[in-house]
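Asker: Chains as they are written, first to last, in my numbering: chain W, 158 to 537; chain V, 158 to 537.
No lab work stands behind these hints: they were computed from the structure. Note that the coordinates shown come from a computational prediction; the quantities given were computed from them, not determined experimentally. One thing to keep in mind: the hints can contain errors.
Since copy identity is lost for identical chains, a pair holds within one copy or between any two.
Unchecked claim - Computed cross-link-like contacts, DMTMM-like style, restricted to lysine to aspartate or glutamate with a CA-CA straight-line distance of at most 25 Å:
#, residue 1, residue 2
1, Lys185, Glu204
2, Lys467, Asp271
3, Lys185, Glu302
4, Lys185, Asp362
5, Lys185, Asp210
6, Lys185, Asp211
7, Lys185, Asp306
8, Lys518, Glu480
Protein chains: 2
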Amino acid sequence: MLGQQRPRSPQVHADGSVTFWLAAPDAKSVAVRNTSGGYADWPDGNELALVRDDQGVWSATIGPIEPEYYSYVFVVDGVQALDPGNVAIVRDGARYGNALRVPGPRTVDYDVNDVPHGSVAHVWYPSPTLGGTRRMCVYTPPGYEASGDRYPVLYLLHGGGGDEDAWTTMGRAPQILDNLIARGEARPMIVVMTNGNPFQRASQDYLPPAPDVPLIGTGQPSPRMVRNAGIPEFPESLVRDVVPYVDVAYRTLAARETRAIAGLSMGGAQTFYTAFNNLDLFSWVASFSGGFPLMPGVPVEIAPPANASKLRGPDITRSIDPEGFLRLVPNLDSSVNARLRLLYLAIGTEDGLITTHNAVKHLLDAQGVKYALMELPGYA
Amino acid sequence: MLGQQRPRSPQVHADGSVTFWLAAPDAKSVAVRNTSGGYADWPDGNELALVRDDQGVWSATIGPIEPEYYSYVFVVDGVQALDPGNVAIVRDGARYGNALRVPGPRTVDYDVNDVPHGSVAHVWYPSPTLGGTRRMCVYTPPGYEASGDRYPVLYLLHGGGGDEDAWTTMGRAPQILDNLIARGEARPMIVVMTNGNPFQRASQDYLPPAPDVPLIGTGQPSPRMVRNAGIPEFPESLVRDVVPYVDVAYRTLAARETRAIAGLSMGGAQTFYTAFNNLDLFSWVASFSGGFPLMPGVPVEIAPPANASKLRGPDITRSIDPEGFLRLVPNLDSSVNARLRLLYLAIGTEDGLITTHNAVKHLLDAQGVKYALMELPGYA
Numbered sequence: 158m159l160g161q162q163r164p165r166s167p168q169v170h171a172d173g174s175v176t177f178w179l180a181a182p183d184a185k186s187v188a189v190r191n192t193s194g195g196y197a198d199w200p201d202g203n204e205l206a207l208v209r210d211d212q213g214v215w216s217a218t219i220g221p222i223e224p225e226y227y228s229y230v231f232v233v234d235g236v237q238a239l240d241p242g243n244v245a246i247v248r249d250g251a252r253y254g255n256a257l258r259v260p261g262p263r264t265v266d267y268d269v270n271d272v273p274h275g276s277v278a279h280v281w282y283p284s285p286t287l288g289g290t291r292r293m294c295v296y297t298p299p300g301y302e303a304s305g306d307r308y309p310v311l312y313l314l315h316g317g318g319g320d321e322d323a324w325t326t327m328g329r330a331p332q333i334l335d336n337l338i339a340r341g342e343a344r345p346m347i348v349v350m351t352n353g354n355p356f357q358r359a360s361q362d363y364l365p366p367a368p369d370v371p372l373i374g375t376g377q378p379s380p381r382m383v384r385n386a387g388i389p390e391f392p393e394s395l396v397r398d399v400v401p402y403v404d405v406a407y408r409t410l411a412a413r414e415t416r417a418i419a420g421l422s423m424g425g426a427q428t429f430y431t432a433f434n435n436l437d438l439f440s441w442v443a444s445f446s447g448g449f450p451l452m453p454g455v456p457v458e459i460a461p462p463a464n465a466s467k468l469r470g471p472d473i474t475r476s477i478d479p480e481g482f483l484r485l486v487p488n489l490d491s492s493v494n495a496r497l498r499l500l501y502l503a504i505g506t507e508d509g510l511i512t513t514h515n516a517v518k519h520l521l522d523a524q525g526v527k528y529a530l531m532e533l534p535g536y537a
Numbered sequence: 158m159l160g161q162q163r164p165r166s167p168q169v170h171a172d173g174s175v176t177f178w179l180a181a182p183d184a185k186s187v188a189v190r191n192t193s194g195g196y197a198d199w200p201d202g203n204e205l206a207l208v209r210d211d212q213g214v215w216s217a218t219i220g221p222i223e224p225e226y227y228s229y230v231f232v233v234d235g236v237q238a239l240d241p242g243n244v245a246i247v248r249d250g251a252r253y254g255n256a257l258r259v260p261g262p263r264t265v266d267y268d269v270n271d272v273p274h275g276s277v278a279h280v281w282y283p284s285p286t287l288g289g290t291r292r293m294c295v296y297t298p299p300g301y302e303a304s305g306d307r308y309p310v311l312y313l314l315h316g317g318g319g320d321e322d323a324w325t326t327m328g329r330a331p332q333i334l335d336n337l338i339a340r341g342e343a344r345p346m347i348v349v350m351t352n353g354n355p356f357q358r359a360s361q362d363y364l365p366p367a368p369d370v371p372l373i374g375t376g377q378p379s380p381r382m383v384r385n386a387g388i389p390e391f392p393e394s395l396v397r398d399v400v401p402y403v404d405v406a407y408r409t410l411a412a413r414e415t416r417a418i419a420g421l422s423m424g425g426a427q428t429f430y431t432a433f434n435n436l437d438l439f440s441w442v443a444s445f446s447g448g449f450p451l452m453p454g455v456p457v458e459i460a461p462p463a464n465a466s467k468l469r470g471p472d473i474t475r476s477i478d479p480e481g482f483l484r485l486v487p488n489l490d491s492s493v494n495a496r497l498r499l500l501y502l503a504i505g506t507e508d509g510l511i512t513t514h515n516a517v518k519h520l521l522d523a524q525g526v527k528y529a530l531m532e533l534p535g536y537a
């Protein structure tokens, strides 16, 4: 039965539908679950049952679904299992899933296209601030090795649950940069992706986790995860340890005009703390779905908003205390406008952080701080 | 139930025993399977049933087991499932498993110790010989960035089923090199780890596989897997494309006296083909469990040896035809002794390739070729 020449699972059909297969003669139930995180839903639901044939092979066809990069798992008798037909895995610090690519216009930016590719290095650097040596990923653009040029630098910070691998694997940052640079839409640059969890020196699949990391899969934030937001510990190490190291080890344009910082969720909050306490270092600043309630002394509990049933994510009932926020970033006033080349905020309208995001917008408006805003429909 | 503060799975106890946990209230059976590949067996068997408690949480304690790096999977109602408590995964091109480390003297060489660490870069290089650009991993030793020194180079080839990630993830080459260099047992060197499958430009989790890659999990070699042994295609690209690229892009000592080549299994066969057809390039040569029957025109079928029941691996009934072997590596005679700094052969005495290995030894003896031999007990 297993020797039959079935197509490899998942099989992506020309119309964008997808067939999954799993040989599981002893299972009572098998389903496939979309674990993409809400930004890319399946039209008929994010968990679908597979059907057993008389040989014990389960299958289901979904879609057509939108061209996109998805992640999924099988659920076998209630337990998550990876697809044995698919060795492509994405993970962050707390979960993993199989990768599913339905090619189309939306995936072109993320695909490995026939363009010049940059390199990604896993590099250890000394961190006197946090102790010991720590691991980071550094993208150098196509042509870096052969040229003698110096390049601008983007410090790109991951979200909670991620680590130094998150932007290169789940985030597909190298592919996006290769493609943007090839199209002339981004200047060739060095991108530094650190591990933003101050109590973790390297990703958990590289160094074993500390003994008191909680049981994964409980869905409950642990004291360590909250501590791991690492504000202000991680930003301190970024500016004291990482930036000087990068400016020595790489051919950088080591000036604030050519140094950017951006981050997702937890990394967005770390970005604000880092940038606005170090305006001598950074002049390009971006937050993607910034997780500002992770900043210490900042979060306040709020009533669920009227559209709470539509919102997703963990922070529907949280916002920020403007005074607490300004205590952490006291330089956040109209004087920054002349110093910044860009302050960019992005969020999805159904992100559970949208209320917080609006509160930050109002705070920026009240302080006279200018910013570019990208509000994307849905979870984005 | 899931919210209970159970230890993270797997829990490694001080005596070297290990407890696994899985919440699976709807499962009929759960087992844990050692997938380390035979070199590291568990004393009470490599598949053990977990026992269900009244809350649907399954557990089992194994061992004490030898300090070692293991891989394992859960088997839930007959289906392989990764441990949701353990984000550490090892994979090659055809399978994946969770990593389990039982620390002890045997793991010190593989651990991330508090020593200076080299960097590992994922690099694309042009390959006119095989077409397009291809991805490889390059280890540069501690101090490379800051020094202006030039370094010797080791070309390190993976086994069948592996790809350019195999030596850095499953093989833990960066850790081994860091530790050997720190102890003064290896000279700081650059290590180049290519993708040795000529029909695969990058690992399958980076680029989707070609459409005719067979269903994984059938256990049957496919025409593509055999073609993928890539002898002589891959060695041609290694010497024409990779070596010149590395000697330009890195500060190498670009001479045969400071250039080594070594490989595991399929990579051992590729090493022989590469080295002995390019003695102007390499003077240090090593084969680990060389898969010589993969060389075209070489394999012969033989009767199972007397100790067949003890042997493991796919090649118990295969050996080599010396004439076919010498047609592929016609320079393999006593004249190489003066040119080589080292020819090193390693194998486990219970490896299914041991008969082949002995045939190669006899061939080398007959040709007057000197070599160093490491025969390790067991599967090694």
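Asker: One pair to classify: Lys185 and Asp211, alpha carbons no more than 25 Å apart. Within, between, both, or neither?
Answerer: The answer is both: 13 Å in one copy and 20 Å across copies each meet 25 Å.
Asker: Treating 25 Å as the Cα threshold, decide for Lys185 and Glu204: within, between, both or neither.
Answerer: both (16 Å within a copy, 22 Å between copies)
Asker: Reference check for the pair Lys185 and Asp210, CA-CA at most 25 Å: within, between, both, or neither?
Answerer: both (12 Å within a copy, 20 Å between copies)
Asker: Please work out whether the CA atoms of Lys185 and Asp362 approach to 25 Å or closer within one copy, between two copies, in both situations, or in neither?
Answerer: neither (32 Å within a copy, 30 Å between copies)
Asker: At most 25 Å between C-alpha atoms: does Lys518 with Glu480 qualify within a copy, between copies, both, or neither?
Answerer: Close inside one copy (14 Å), not across copies (77 Å); limit 25 Å.
Asker: For Lys185 and Asp306, with the copy left unspecified, which applies at a CA distance of at most 25 Å: within, between, both, or neither?
Answerer: Result: close neither inside a copy nor across copies, 61 Å intra and 62 Å inter.
Asker: With identical chains, the pair Lys185 and Glu302 could be close in the same copy or across copies; at 25 Å between alpha carbons, which is it: within, between, both, or neither?
Answerer: Cα proximity of Lys185 and Glu302: none, with 55 Å in one copy and 56 Å across.
Asker: When no copy is named, should Lys467 and Asp271 be tagged within, between, both, or neither for a Cα gap of at most 25 Å?
Answerer: For Lys467 and Asp271, neither the intra-copy (40 Å) nor the inter-copy (48 Å) Cα distance is at most 25 Å.
Checked against the numbered hints listed earlier, the structure breaks hints 2, 3, 4, 7; every other hint is satisfied.
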